[in-house]
Amino acid sequence: MATGQSLVLCDLRQEAPLALSVFIGQCAERLHAGERLLALFGRSEEGGGIRATAVFHSPEIPARLTVLRGQAKAGEHYPSLTVEHPAAQSLEREFWEQTGLHPDGHPWLKPIRFEGARQQQMGEYPFFRVRGQEVHEVGVGPIHASVIEPGHFRFMCLGEKVHHLEIQLGYQHRGVEALLLGRSPWSLTPLVESICGDSSIAYAWGHCAAIEALADMPGGLETDLLRGVALEMERIAIHIATLNGLATDIAFLQGGGTYGRLRTAIINATQRLCGNRFGRGWLRPGRSRGLAAAQREELLKTLRDFAQDFAGINELMLASHSVRARFQGTGTVSETAAREIGLVGLVARASGIAIDARSQLPGRLYDRHPLPMLTESGGDCWARMSLRMREVEASLNWLCALLGDATLDLSTRHAQHAQPSTTPPALRPHSLCVSLVEGTRGPVIQALETSAEGQLLHYKVQDPSMPNWFGLALAVRENEISDFPICNKSFDLSYCGNDL
Amino acid sequence: MFKSISVRRSQGSQYIPDPRQAQPAGFRGKPLIGEAACAAGCGRCQEVCPSRAITLSPVQIDLGRCVLCGDCELACPSGKIGFDNDFKLAATEREGLLISAARPHIDPVKVSAELHKRFGRSLKLRSVSAGGCNACEMEINALGNVNFDIGRYGIDIVASPRHADGLVLSGPISRNMTAALQICWDAMPAPKLVIAVGACAISGGVFADSEGVDRRFLETVKPTLYVPGCPAHPLSFISGILDLLGISS
Ligand code: SF4
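Chain order of the listed sequences is A and B.
Sequence positions in the first sequence follow numbering that gives the first Met the number 0 and run 0 to 499.
Sequence positions in the second sequence follow numbering that gives the first Met the number 0 and run 0 to 248.
Misleading hints may appear alongside valid ones.
Calculated Cβ distances over 12 Å to all of chain B for the following chain A residues [as the list claims (entries may be wrong)]:
no., residue
1, H101
2, L168
3, R288
Dumping the calculated EDC-like pairs for lysine to aspartate or glutamate here, alpha-carbon to alpha-carbon at most 16 Å [as the list claims (entries may be wrong)]:
no., chain 1, residue 1, chain 2, residue 2
4, B, K2, A, D308
5, B, K2, A, E123
6, B, K123, B, E92
7, B, K116, B, D185
8, A, K300, A, E314
9, B, K87, B, D17
Not the full set, but computed from the structure, chain B residues with beta-carbon under 10 Å of chain A [said to hold, decoys possible]:
no., residue
10, Q13
11, P16
12, Q20
13, P23
14, H104
15, D106
16, S121
17, V127
18, A158
19, V205
20, R215
21, E218
22, T219
23, T223
Read the hints as simulated data drawn from the structure, not as lab findings.
Note that the structure is a prediction, hence the values are computed from the model and not measured.
The beta-carbon is built from N, C-alpha and C at its ideal position, and this holds for glycine as well.
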């Protein structure tokens, strides 16, 4: 097992897979010992069995990603991990939906995205029912009032108060994981960039790193630097889009106007570097578009101008009484609850949990060029908003320091470590590579398994939104139903990332 | 108060005066296919293309499929394919989106006198994402920001299909969205039109071959305007719709 902290490469011939009961038993032991279960998935094998994989964040020093492998017969049952570790709930549901392995005792066994044979059975979702004379239900979606992806929200209310919210997703399911097996692994990046289109860089980076590891051609620090720059540009753009949405949702119009044009400046800068406002085409396995000296200067200037105006509008927004009145104490997820249900990424940090792969699984890039671990303690809409502002500031500082450091070479000379037109190298056979990139919403995980011939056999994708949607459902409990839009925006989770 | 004024001052005036004349720096837009001869037996561009947008002999790119990734340019050993920052990519006919050395331009959008009369001063649109990856959706949202400000032409995104004259479709149409899309379309009062935004909506894009996609909706409803891109650039959308409705900018 080789590991670059946020990446692990396993030779699958070295260890035999565990029987399902042993596999689940060991997962439970690790959870008890304080390891975090990041992903749990399986694929069908020829002959009808299921090959299962669990990915853990193991906190020993230095922290790293570790993998457990199991084997099961089709339709087998096992004792649900969720009973004692609610954080496993969405992972086990997906595991069940994709493999048919049944977690006995799971309290909430419902489809995650209605894939496979369940497609177009969206009307059959088993909603939780709250009974009582004064209970009423409000259903919204899948199509919402604004320009936003589809999903169905069903509120069970007592008067104006939300007693429970149930979120039904799956409308965006495009069958991404199956499609990823249909082409040469070297020309998958455009598809990977469209899995969750506002996080193209995070996905492309994880994908490129995995392919490069499987092909034994890792890039150098220069490649990481460039990809790191691209990722922070993406983080700034998406956080600002969310801040824009939050301001607009509470009719703080100056925020809407200013964040809107500030975001334009950032994504237009991205377009100047790679041809596309969303970073499409910037990263490819074996290469990344570098920054010429003039481009680097121009970017630095854009960021410096941006930083000043960004600070101004933040100050205005944070000082406004109407903004405070709407956001403070609204949509709170306590630290205990956040831990219990296994929130990840920004929303976990806004509830006081210090998790960020850039700090905890730094690898060579963030070892040398660290970003601070930022958290907020409130767990409410206000905390999620302020944390987004602070994360943008941290990204700006980091970018300006890197771009201003004349000793760092970001030009194409180093970024190109393979010629695109040569025949692409083969991938290692019998291997599993898991990569993790801390994107705007949290850890984007991709796991690629190869066959005896070095062909892709399984491609598992996991967006940070999947475990986090349940957090939104908790956040709105006991809140006014009219505060749902700001709660939803403050989480700003991905529908297509969940639905795949 | 003073803070608010200073933020307003720094905001300045941000709208693009004439979107048709904009110059989006660096944008990888319209493909340019040169006259250079292809190396014998070479099909590199076709191999790397993620959306089956390229056909060979002669080399032709279907902008309805192309996601403007630029990979074909890098793969081509003969330097036959390039891109410029032309964002006027929209067309009123699906076949108008084919580009080759012999046919280097997209068919210009046909101005419709009827649509001009009906919607030239006010067009209300309802957006439906049917499997979109949130990039086209964010660009559709950006149409209304202070830079593109499409509202100045009387074009708005509205909340209810009942209030809408047109449906802006993004995404390849996931099977799980087919029912909702149809209900939304049926709820819109006639006369009504569909605008297909992005490679996914036009052709299925990189998802065209997926079993999770069901595009039968478009067998019964033909889009009035196709806006290519991945995601479609706001300028492609604006110039296309202004041309269609005969609105001067
Ligand atoms: S730019 Fe268009 S035609 Fe060229 S490879 Fe990408 S999708 Fe295919």
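For this session: Could you tell me which of the hints above the structure violates, numbers in ascending order?
Result: 2, 3, 5, 6, 7, 8, 11, 12, 14, 15, 16, 20, 21, 22 and 23
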